[in-house]
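Engineer: Sequence:
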Amino acid sequence: MWARCYVPSDQAYEYYGARGISVCQEWIEFQSFYLFFGNPPFIDATIGRIDNDGNYEPGNCEWQTQEQQNNNTRRSKLITWNGRTQSVRNWAYEYNIGTRRLAERLSRGWDMQKSLITPCPVDFASELTIRREYNKVNWAINGHLYRARSKHRRGHRLSLPSQDLLAVEGSDPVLPSKLKKTSINQCIKTPPRKYSKISLQQEKEILALRGKGASLRKIANLFDISKSTVHNIVKKQP
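Mind the numbering: the sequence shown is residues 2 to 239 in my numbering, read in order.
Accuracy of the hints is not assured; some may be wrong.
[To be verified] Computed list of lysine-lysine pairs in DSSO-like fashion (alpha-carbon distance at most 27 Å, straight line):
1) K219 - K237
2) K115 - K137
3) K152 - K115
4) K137 - K228
5) K152 - K137
6) K228 - K152
7) K219 - K205
8) K219 - K152
9) K213 - K228
10) K213 - K237
11) K236 - K115
12) K205 - K236
13) K236 - K213
14) K236 - K219
15) K115 - K237
[To be verified] Pairwise CB distance ranges, derived in the manner of DEER restraints:
16) R158 - D225: 18 to 24 Å
17) S200 - N61: 25 to 31 Å
18) K228 - G110: 22 to 28 Å
Everything labelled a hint here was simulated from the structure, so no lab data went into it.
In this text the structure is predicted, and so the values were computed from the model without any measurement.
Ideal Cβ positions, reconstructed from N, Cα and C, are used throughout, including at glycine.
Start from the sequences, fold in the hints, and give me the full structure.
Structural biologist: As C-alpha cells, then:
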C-alpha cells in the first residue's frame, strides 16, 4: 500500500501515487492501521479499495480476495446485463466459457446474450489452464527480457548485459541511442512515467498513429505516457 502510493520506483506507482492516491493520516502509524483491520480473516487476504479512485482510508478499504482485486482494477471491463454488473472474467466463469473468447465476441459487436449462450469450444477452466501453461513456458524463454524491460521502465540501474539485451531486442526505440552514452556510467536512469490527462486533440493524434500501424510502445514513448493509457484510449473507440 505504501510503496504503491509513495515509492516512484514501484511498478504500480503510476496507477496509484502518480494519480494522487494516498494513505490517510490515521494510518501513518502501523498500530493505528492494525487496530482498524486486525489480522487477515482468511489466507491470502489483501487490502482493497471499494472506490477505485478513492484513497486508502477507513470506509473505502476492506479485506478482499485476489480475484476481487483483479476485478477492481481500472483495466477491468465491467458489463451490466440483466440488472447485474460484473467483469468479463466473472461473466465468463458464470457461463463456463473462455474469458478471451467472450472478450473477442464482445469486441466484434456481438450482444451480451449471444456472446454468453453461443457454445464455446473451450470452457473457462480449460482456457485458464492453457493460458497459465503458455505464460509459464513464455516466461521461461523470455523472462530475462521482461525483467530488463521492467527495470528500464522504472528507471532502475541496468547491468551491461541487460543494456545489450534491450539494444539487441530493440524493445525500446530510445534505448540504443542512450546506450552509446553509458560506457562510463554503465547504467541508465529513466524517470518513471507520470500520470497525466490526455486532451481530446492528443487522443485524435494517438488514434491516427495507431491507424497507421504504430505500436502501443512507440506511441507511449512519443507522448511520454504509459502503454496501458494508450491501450485504454484505443480500446474505447467503437
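Engineer: Would the pair K236 and K213 pass a check requiring their Cα atoms to be no farther apart than 27 Å?
Structural biologist: Cα-Cα ~16 Å, so holds.
Engineer: Below or equal to 27 Å on CA atoms is what counts here, so check K228 against K152.
Structural biologist: holds, 15 Å
Engineer: For a C-alpha distance cap of 27 Å, please report whether K213 and K237 respect it.
Structural biologist: holds, 18 Å
Engineer: Mind checking the alpha carbons of K152 and K115 for me, to see if they're no more than 27 Å apart?
Structural biologist: Not OK: K152 and K115 at ~43 Å, beyond 27 Å, violated.
Engineer: Please verify whether K219 and K205 have alpha carbons no more than 27 Å apart.
Structural biologist: The hint holds at about 16 Å.
Engineer: Does K219 pair with K152 here, judged by a C-alpha cut-off of 27 Å?
Structural biologist: Distance ~18 Å between K219 and K152 Cα, so the pair holds.
Engineer: Keeping to a limit of 27 Å between CA atoms, is the pair of K137 and K228 held or broken?
Structural biologist: Roughly 23 Å between the alpha carbons, so the hint for K137 and K228 holds.
Engineer: Given the hinted pair K115 and K137, is their alpha-carbon gap at most 27 Å?
Structural biologist: Violated - the C-alpha atoms of K137 and K115 are around 33 Å apart, more than 27 Å.
Engineer: Does the Cβ distance between K228 and G110 fall inside 22 to 28 Å?
Structural biologist: Holds: the Cβ-Cβ distance is about 26 Å, inside 22 to 28 Å.
Engineer: Quick check: does the Cβ-Cβ distance between R158 and D225 fall within 18 to 24 Å?
Structural biologist: Given about 21 Å between the Cβ atoms, the range holds.
Engineer: Sort out whether K236 lies within 27 Å of K205, counting only the CA atoms.
Structural biologist: holds, 13 Å
Engineer: For the pair supplied as a hint, K152 and K137, confirm whether the alpha-carbon distance does not exceed 27 Å.
Structural biologist: Measuring from Cα to Cα gives roughly 20 Å; hence the hint holds.
Of the hints listed earlier, those the structure fails to meet are numbers 2 and 3, in rising order.
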